[in-house]
Amino acid sequence: MAFEFELPPAPNQEVQPEFGQQDLVRRSASSVPTPARKLTEVAKLIDVSKCIGCKACQVACLEWNDRTERIGFNYGVYDDPVDLTAESFTVMRFTEWVNPETRNLEWLIRKDGCMHCEDPGCLKACPSPGAIVQYSNGIVDFDHEKCIGCGYCIKGCPFDIPRLSEVDHKAYKCTLCSDRIAVGQGPACARTCPTHAIVFGTKEEMKQHAAERIKDLQSRGYKNAGLYDPPGVGGTHVMYVLQHADKPEIYAELPKNPKISPIITIWKGLTKYAGMAAMGTFAAVGVLHYLVSGPNEVQPKDEENAKRLAGDR
Amino acid sequence: MAAYDVEQGDAVHPGDPVVVDRYTAGARVNHWITATCLVLLALSGLALFYPSFFFLTVLFGGGDWTRTIHPWIGVVLFFSFSGLFVRFWKANLWRAEDGTWLARLRYVLTNEEDKLPEVGKYNAGQKVVFWGMSLLIIVLICTGIVIWDQYFYPLTSIEQKRWAILVHSLAAVSIICVWIVHVYAAIWLRGTFSAMTRGHVTGGWAWKHHRKWLKELVAGKSADHTAERKSVN
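The listed protein sequences derive, respectively, from chains A and B. Under this note's numbering, the residues of the first sequence are numbered 1 to 313, in order. Under this note's numbering, the residues of the second sequence are numbered 1 to 233, in order.
Quick caveat, the hints were computed from the structure, so don't treat them as lab data. Please read these numbers as outputs of a predicted model, since none were measured by experiment. Watch out, some of these pointers could steer you wrong.
[Said to hold, decoys possible] To spell it out: a stretch of chain A is covered by chain B in this simulated footprint if at least three of its residues, at any positions, have a beta carbon under 8 Å from a beta carbon of chain B; those stretches are:
(1) 120-129
(2) 257-268
[To be verified] Cβ-to-Cβ under 10 Å is the rule here; a few derived chain A residues that face chain B:
(3) Ile-71
(4) Gly-72
(5) Gly-76
(6) Tyr-152
(7) Ile-154
(8) Leu-227
(9) Pro-231
(10) Val-285
(11) Gly-286
(12) Val-287
(13) Tyr-290
(14) Lys-301
(15) Asn-305
[Unchecked claim] With a straight-line Cα cutoff of 25 Å, these simulated DSS-like cross-link-like pairs (lysine-lysine) come out:
(16) B/Lys-212 <-> A/Lys-259
(17) A/Lys-307 <-> B/Lys-212
(18) A/Lys-247 <-> A/Lys-55
(19) B/Lys-221 <-> B/Lys-115
(20) A/Lys-301 <-> B/Lys-212
(21) B/Lys-221 <-> A/Lys-301
(22) B/Lys-90 <-> A/Lys-301
(23) B/Lys-215 <-> A/Lys-307
The beta-carbon is built from N, C-alpha and C at its ideal position, and this holds for glycine as well.
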């Protein structure tokens, strides 16, 4: 029996093109004026249940971003490279998981990469003004001209995403193809995905699309299917449809409730102000003490005493 | 003679005024290398910690260079300070009079030194600075290595790096405060600076601030003379 199946068109939407510096809502280590307009929020939706692990997205990502991954090693696993690198902004993470309820082996393939958090930890940790920016459409982008390679973004990120390049010592991560989106095209990975597991559009549309997918998965027995849009980081602009949304950690340790580490919050918050207050107080007390008590000078009688002690010998 | 806390090179020269050698040329060079490193580290560190101080990176050739050079200056400081530590630790051991001196700190601040116990080469304040610097430098070099991503990234987890960077900044702020105390004391107490520039102070200065040390030096000198006389005889 001939079986023909044509994939329905991916719901990749054209979104408001042409955004730029005027649309920044956050800028690392500096402030930006409130933008005059608010762009429609965009999102990439990754449906893990549809992913076949072909790695076309990885290839498209390298291709579009003009990166060359070094020849790797075979570690005996499907993951290649085994981790994100300064070249590979996205990596498929393969997990063989035995569902304890059905005793079925499930092959969970999660496309890892920047989640484009609404509350970006990388940006909050970055010390270089303007090296990390967030646009009002939700894209978090790195400006490599301004990146100084300190690696603070790695410590700020709740998802362990940015990687320092050993070549130019700058941090790299997925840009959500901001340069493509700015001219009205979807991200390279979404455009290339053969099963439409990766789709791109406005965040609202993607949520609606996810809701349909979740309904479908639930009807097929995945009763815990759901959307991964973690509220701890204010939601993300890369979302997952997970078959087991109650256990995100089974997908190669996707954090259950990611949020900016409190250590980072204290470091970039309290420590900064308390430190300034402490140093300021020490300096001010010094100045004040000098003004009040004046210099402590050696008196002639001290010199006389010294002479009496030492002079006759 | 068992030296109380007289260091190598300390000597008293009678005259008008009496001149007391306090720091050898080696100690002074060692000190100023450390001091230069500390100031450069503070400037580059503040640039990386406070966005409002990021402009200080121009002093180091931009952000990339600041990030590159800061840890190396730290390494130089660590070894340089180690030299100072070896030179000074013995004379900085805590003595009975130090507690009394510290308890009467308000008399220090009001210039009523006659109400203070006589102290040796270093007073309790200087000892606190010395040990504070020593401890903080150890903390800074250890946490600094943890966050030196260019060379040591794979050795620690991200969580460990987060703790390291928090502790590093707290220690850095603390050492800047200690440094302010150190520099202020040198400015406020007139006659102190020459100890670290030309290596000597006046007898009056030693009498006023470190009488026990001066007395010991004088006693040691007379003991030397006695010894010399004995050998001549």
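These are the hints, each one checked on the structure:
| no. | hint | verdict |
| --- | --- | --- |
| 1 | 120-129 | holds (count 3) |
| 2 | 257-268 | holds (count 5) |
| 3 | Ile-71 | violated, 20 Å |
| 4 | Gly-72 | violated, 16 Å |
| 5 | Gly-76 | violated, 20 Å |
| 6 | Tyr-152 | holds, 7 Å |
| 7 | Ile-154 | holds, 7 Å |
| 8 | Leu-227 | violated, 26 Å |
| 9 | Pro-231 | violated, 22 Å |
| 10 | Val-285 | holds, 9 Å |
| 11 | Gly-286 | holds, 4 Å |
| 12 | Val-287 | holds, 9 Å |
| 13 | Tyr-290 | holds, 6 Å |
| 14 | Lys-301 | holds, 8 Å |
| 15 | Asn-305 | holds, 5 Å |
| 16 | B/Lys-212 <-> A/Lys-259 | violated, 59 Å |
| 17 | A/Lys-307 <-> B/Lys-212 | holds, 15 Å |
| 18 | A/Lys-247 <-> A/Lys-55 | holds, 24 Å |
| 19 | B/Lys-221 <-> B/Lys-115 | violated, 28 Å |
| 20 | A/Lys-301 <-> B/Lys-212 | holds, 17 Å |
| 21 | B/Lys-221 <-> A/Lys-301 | holds, 23 Å |
| 22 | B/Lys-90 <-> A/Lys-301 | violated, 31 Å |
| 23 | B/Lys-215 <-> A/Lys-307 | holds, 12 Å |
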